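Peer 1: Spelled out from the first residue to the last, the chains are:
2 protein chains.
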Amino acid sequence: MNNQTTTSPMIQNLTTVRGISCWGAHIGIKSMRRDLAIIYSEVPASAAATFTQNKVVAAPITVSRRHIKSGKAQVIVCNAGNANACTGEQGMHGAEAMAEAAANTLKIDKELVLIASTGLIGEPFPTDNVVNGIKENINKLSSDSKAGAFAANAILTTDTFAKEGFLDFDIDGIHINIAGIAKGSGMIHPNMATMLGFIVSDIAIAPPLLDKAVKECVNKSFNMITVDGDTSTNDMVAVICNGLAGNEMLRSQDDDRYLKFKDQLQEMMIHLAKLIVSDGEGSSKFIEYKVSGAPTEKIARTLVRSISNSSLVKTAMFGRDPNWGRIICASGNAGVPFDYTSVDLYLGDEKTQTQVLEKGRPLQFDRNQLKRLLREAHLVIHLDMNAGECEGIGWGADLTTDYVMFNSVYTT
Amino acid sequence: MNNQTTTSPMIQNLTTVRGISCWGAHIGIKSMRRDLAIIYSEVPASAAATFTQNKVVAAPITVSRRHIKSGKAQVIVCNAGNANACTGEQGMHGAEAMAEAAANTLKIDKELVLIASTGLIGEPFPTDNVVNGIKENINKLSSDSKAGAFAANAILTTDTFAKEGFLDFDIDGIHINIAGIAKGSGMIHPNMATMLGFIVSDIAIAPPLLDKAVKECVNKSFNMITVDGDTSTNDMVAVICNGLAGNEMLRSQDDDRYLKFKDQLQEMMIHLAKLIVSDGEGSSKFIEYKVSGAPTEKIARTLVRSISNSSLVKTAMFGRDPNWGRIICASGNAGVPFDYTSVDLYLGDEKTQTQVLEKGRPLQFDRNQLKRLLREAHLVIHLDMNAGECEGIGWGADLTTDYVMFNSVYTT
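Chains P and A are the protein sequences, given in the same order. All the letters of the first sequence, read from the start, carry residue numbers 0 to 411 under numbering that gives the first Met the number 0. All the letters of the second sequence, read from the start, carry residue numbers 0 to 411 under numbering that gives the first Met the number 0.
Treat the hints loosely; a few may be bogus.
[Unchecked claim] Output of the computed footprint for chain A on chain P, the stretches with three or more beta carbons under 8 Å from beta carbons of chain A:
{"id": "1", "stretch": "27–33"}
{"id": "2", "stretch": "60–67"}
{"id": "3", "stretch": "264–270"}
By construction, these hints were calculated from the structure, which means they are not laboratory data. Because the structure is a prediction, the values reported are computed rather than measured. All C-beta atoms in this analysis are idealised placements derived from N, C-alpha and C, irrespective of residue type, glycine included.
Next up, chain P with everything else stripped away, as it sits in the complex (with noise of 0.2 Å):
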């Protein structure tokens, strides 16, 4: 009790981040779980964030994009057990009035509040819950580790573990701290797959270039995984940056400091996505999967999300068949320009690839070494296009029987 500690045994987390202040509570919406979290920056922040592709879009993504767009937010509030989507007028008058409690609550302008829901999508939006639960626990906010830990788990449905991340590095000698919390899609549950990011730095940096390393960072980490191959209506992923570090704003493209940064966000971002897609519990192998040689970055990657998304592959990498051909076929779907007889194909596991194809001649292979090698949990997929100098990597998750059986038996 009053010991000198060289540390505390505290986890780190968005609460060693300057000035960011955490809680996690159970309001009542999910039954005997956290699903309101709260995330408090004690100054407005640089802000910047991206949300779903899909057409139909929650209520609470409408009132989040409307406010991204003064660059500024200071405090980001999610439910979890309800998505709000699919709620119409309802709905809409329900994400006002969470990001208004919010607002009110807490004395700052409405435009500094990012709103979140995640759960079941098409339920009334439980208004009352929402409002009277973040006027009740606002005042609890606190910069405790522990704080940090209810806000990872308040915003998690059937995820089996928190997500999170943090990490440290220093600009012109001044220390800066990112941390982050995610949550993604027990696959068992595709119609609640809503996959959510929630970052928090110390860092000073202009809005407009916080948007750009947001938008570019989101393209190389989450926008590269698939699980289910849907987006929710309610994805997003939000950045604040609240410049409590001290250092001086970063304002250009071009300065180093804003590239170590990025490096950084983008670390982040790929650790935080890499977690949602262990979280299947209907999955039984992750999978990187990498293209290089591509003439575009945008070649590499939309190969990558199309040979991930094939179902075909999926079920090969759980039945351990090094089947090259169902690759080559989803390569050839894709959508971009694609010489399979230019093509080199290397599968294996982490630590040891087999070369299958070599200018897209199959290649002699011991066939019973390499369904061993498959049998691991980490797998690596990797195509050379031998067609330029750009890559794109990204991981999934195989498909499986049990995610068939759990996903047949959801009825909700």
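Given the coordinates of chain P, work out where chain A should sit on it, guided by the hints.
Peer 2: Using the frame of chain P, we list chain A on its own:
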């Protein structure tokens, strides 16, 4: 992906400790949540543990108590969802099979296996399920931080967040890591309120000395918290230290380096214990109880436990009632020498304390102001016996209408 990062966005947890790998899997005991945790050291480790004081002891406790006598352990295996308590011969066979499955799959002595179970009491133990789950998941053991998070989540039952801690410090210039996980009680399910704590370190320490440290630290941490006041049939705190830090083996209780380690271990245990108290869905406040000026530490701790277990004190705190009479009453019931005419008593929150008794005489105080203080989520009750130099500290939750409601509707 090829970034030169200063640090990776990993949460520091069990897997940060040298030689420790983990896994947490869903093996089907609980519906759709992880329910098997494995914590493995690549070399046999010094080990010590404390177990429930309940007269009814679960089968895994019997097995682990026998195995820990060697002072060595290499793996901790814990299932959630079934407590293997009050399960008779079937349960004992199951517990032995659980330990054997781990030993055989890892090819280590059975005595190096510690097992624990948490969940429903009196249900037949799902031996096949657990044994197969162990066999299938041991090859997934990983030192990735994700695997540490899996393990932290796989020991939970009604907990609303995973409880983790990490700290590091130096001994003779050598870097030592300590990490731990714990589970507690949702207060809502008191008959499942098993308390588990698993702590790993890479320090080199002789088993008898570790045993001494663990017992002392548990007495000042896990044994000083109260949620329901009951001890479960399955409570267990185990610490394993594998020596991979490479420090000179600690052998003497007078060694300053041992005292430093013990301080850190106690800090870790207090951290985990407080997290357990924080996780009562039915509770609204976290209360710190301090008794100072006691003739002995034991008397101080006994008083703390008596006050913190008093339903009258706990409901008063829920009701923001500075009802010092109940605190004095609970102290008088503790079964230790107690002279209330020499007592100073202070009530308040973390920052501000109001003295309400001086040498047993009630002081004038602003009742409304104190009631406002008692609205805080973190309260402190400090009783100074003025009878010596020793002190004790403990932590507990308040007793709320929600708690009573939850418990009255729980009928399984």
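Peer 1: Three residues minimum, CB to CB under 8 Å: does the stretch 60–67 of chain P make the cut for coverage by chain A? Let me know.
Peer 2: That given contact is violated, which follows from only 0 residues of the stretch 60–67 of chain P lying within Cβ reach (below 8 Å) of chain A.
Peer 1: Three or more residues of the stretch 264–270 of chain P near chain A by CB distance under 8 Å?
Peer 2: The restraint on the stretch 264–270 of chain P holds, since 5 of its residues have a Cβ under 8 Å from chain A and three suffice.
Peer 1: Does the stretch 27–33 of chain P contain three or more residues whose Cβ lies closer than 8 Å to a Cβ of chain A?
Peer 2: Answer holds; 3 residues pass the 8 Å Cβ test.
Hint compliance for this structure: hint 2 is the single one not met.
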